[in-house]
Amino acid sequence: MRLILNKLRFWPARLVTLMLATLEPAPTPVSRPSEAAPQLVLLSTLAAGSHARVAHVSAHSDDLRRLQALGVCIGRCVQIVKAGDPLIISVVGARVGLSARLAAEVRVTPITAEDLTFVPLANAS
Amino acid sequence: MSSGAPELSLPILPSTPPPASRGAATIALVGNPNAGKTSLFNRLTGMRAKTANFPGTTVEHRRASMTLGEFETTIVDLPGLYSLDPTTPDERVACDALEGRLADMAEPDLVLLVVDATNLERNLFLASQVLELGDPTVVALNLSDAAEKQGITFNLPELRQRLGCPVILVSARTGQGIEELVGVVQQTLHERKAPEVHSDLASCGSCNGCQFSARYDWASRVRRASVHGEATAQGRVTTAIDRVLTHRVGGLLAFALVMAATFLAIFWAATFPMDLIDGLFGAAGETIGALLPDGDLRSLLTDGVIGGLGGMLVFLPQICLLFFVLALLEDSGYMARAALVMDRLMHKVGLPGKAFVPLLSAHACAIPAIMSTRVIEDRRDRLATIMIAPLMTCSARIPVYAMVATLLFPQSSLQRALIFTAAYALGITAALVMAWVFKRTLLKGPVRPLVIELPNYRLPSLRNAFLLTFDRAAAFVKTAGTTILVISLILWALATYPKTSVEEMPADVQARLATLADAGDQAGVKHLTQQVELQHSFAGRIGQTIEPVFEPLGFDWKMSVGVLSSFAAREVIVSTMAVLYGLGAEGADDGVNSLLASLGASKHADGAPVFTTATCLSLLVFYVLAMQCLPTQAVTRRETGSWKWPLIQLGYMTALAYVAALLTYQTASLLQL
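These protein sequence lines map, in sequence, to chains V and F. Here the first sequence stands for residues -1 to 123, where the numbers follow the numbering used here. Here the second sequence stands for residues 1102 to 1774, where the numbers follow the numbering used here.
These are calculated hints, taken from the structure and not from any lab test. Please note that a few of the clues may not be correct.
As the list claims (entries may be wrong) - If you want the footprint, here are the derived chain V segments under chain F, 3+ residues with CB under 8 angstroms:
(1) 38 to 48
(2) 62 to 72
(3) 91 to 103
No residue lacks a Cβ here, since even glycine has one placed at the ideal position from N, Cα and C.
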């Protein structure tokens, strides 16, 4: 997988995401996650506004270690602030911008806002 | 987890009492980026700080000496960190410094951990790792004023107990709590008491394989136990502003506006101090010139020393302003957004989004641009950016462009504007192509994917921006000043020696001089003498020797001398050409018109005009692409830590300029332009 990513590194990152989507068991963008049984999807495929819990961070590159140090590690809740590439997520009280290529290495379980054990971002009213 | 999950090492008190140099102590300031670490450092140390590199690295830090009670302390401001599991050169150096692995730098006697009170949970991740180091630690819970505004309150005793060390609520902005902090730091230094790691935290380190999660779980527990009020620091204002500034289209537009405004302000505001400096150096030259007898010493001081320094310092206002505005933008939180919106575009040439602002800054001056590449984490990405930055049209190129554009189109200002635009576009295109080439050859490697924290917007601190600007300007003057002075003196010597007395001049020149003298044209005599002297100097001889090298580019020997003499500073070619084409050095200043008239009228020996369209275009292309700036080279050396990179920079840019000018001249000649 990393090999493919490396080969494609100069393509527009969206293409990489597309490629990944065809190689991985196709994840569908989840807008109402509570209806389905919890399933793992790529962080890069979530729609803006949706919440998710990090389930798996695949490889251990420097960049992924950095991402984990910023809070995108197993068990944390993230919210997508802005989808696309790069995307913006909200995690442990901060906004983090990251490229879709990196977000595609993070698998998450979509959750609803009510499932949140602690509340990030806008729901904190 | 190659560097290993930090093993649980029960903190052990230093076995030996404080050494004989009793009272000396090193305090390391550690914290997340955006936790207000620099503000706190400035608040604690004021103007006493010095900027220095960590030994053997190009990573910079600030340090200050101050007396705290019985202690003579050195406070070291380490680069911002997200974790002690370093992923960037800056982070690696900070970790090494913290753990005493850096040569010539003792392990800190006390760690002052700066924590953002408005976002405790996130900052506690780093805290968990720092506390495990077992050094005496004091936690400064910074941004207390912002936390108060957001209605966040703290159970400090609980927090102290959980962290096992003193915790002080402070605000670097208002100064609240600083006195108490200083007192506690003194007391902790005195006691040398290591933090008592809470059993709850100790379990994190031993849990292998999930250290990130375990630490964040711990941080979450601590936060819930000791903080009341809104859990997160997500400002609504920030969310609203971000909706525009990170928008796919709106973000780019906003960025273009911000940058355009920045540059307009810089170019406009810098003119006044630049004129002032120019005037001061001119006056200094005249004063000294009047005091000293005509001779080598006068020429050395006025042309060599004052001319050389003046040529460098005249750009200082622009450099300072650029640093200042960039510091404000960085402090406001905007720079992270700019890197975000530019990331995708920049990836196409193999550079990260963070490279964009430095490259844009290079349009004012390559020096602040190269210094501001420090934000780029990856070494290869940063080097590639440094290598291409001087290709951007800096303000020193403008006099050269103006000269050529006016030579080409004396009548049409529209066409002159087009030539300017084309020159800028050529520089940008060449830079992007070269970035692409570098990232495939010398600096081969994938672009590091973007991971960037987008901090809340805040009002930038003028004080911090001033201090940063001062530091960087001082570094520039020190680095570039010494180098450029030496080279200016060498160039001066080459252009002055060997001397030619009137008797040694060819008979026709002597005859012309006599005619001019008879006609009472003192200026004419002076200009002709200067011209002949330069022609016979080493520089002139070298120029005539290497003329065949530049001939395919359409340059005659005078232009070859111009290229050589402007090796250290490209704008020098204008005044050199003024001298060589018989106008005197002042000719360049008193209106471009007389220079242009003289240049336009100059003929080759066979009567053909020197400045044909082909020659002008070739000269322009050469100056768009050639390095021709010694201060930039000195700064590249400083930032990369070796002479290898400035030499590669000089080599590739000269080759590029030569080949491109050659193609331009030959094509234009074929087309009989």
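Status of each hint after checking the structure:
1. Note: the stretch 38 to 48 of chain V has 0 residues with beta-carbon separation from chain F under 8 angstroms; the three-residue rule is not met and the coverage is violated.
2. A stretch counts as covered by a chain when three or more of its residues have a beta carbon under 8 angstroms from one of that chain; for the stretch 62 to 72 of chain V and chain F the count is 9, and the coverage holds.
3. With 9 residues bearing a CB less than 8 angstroms from a CB of chain F, the stretch 91 to 103 of chain V meets the requirement of three and the coverage assertion stands.
In this structure, the one hint that does not hold is number 1.
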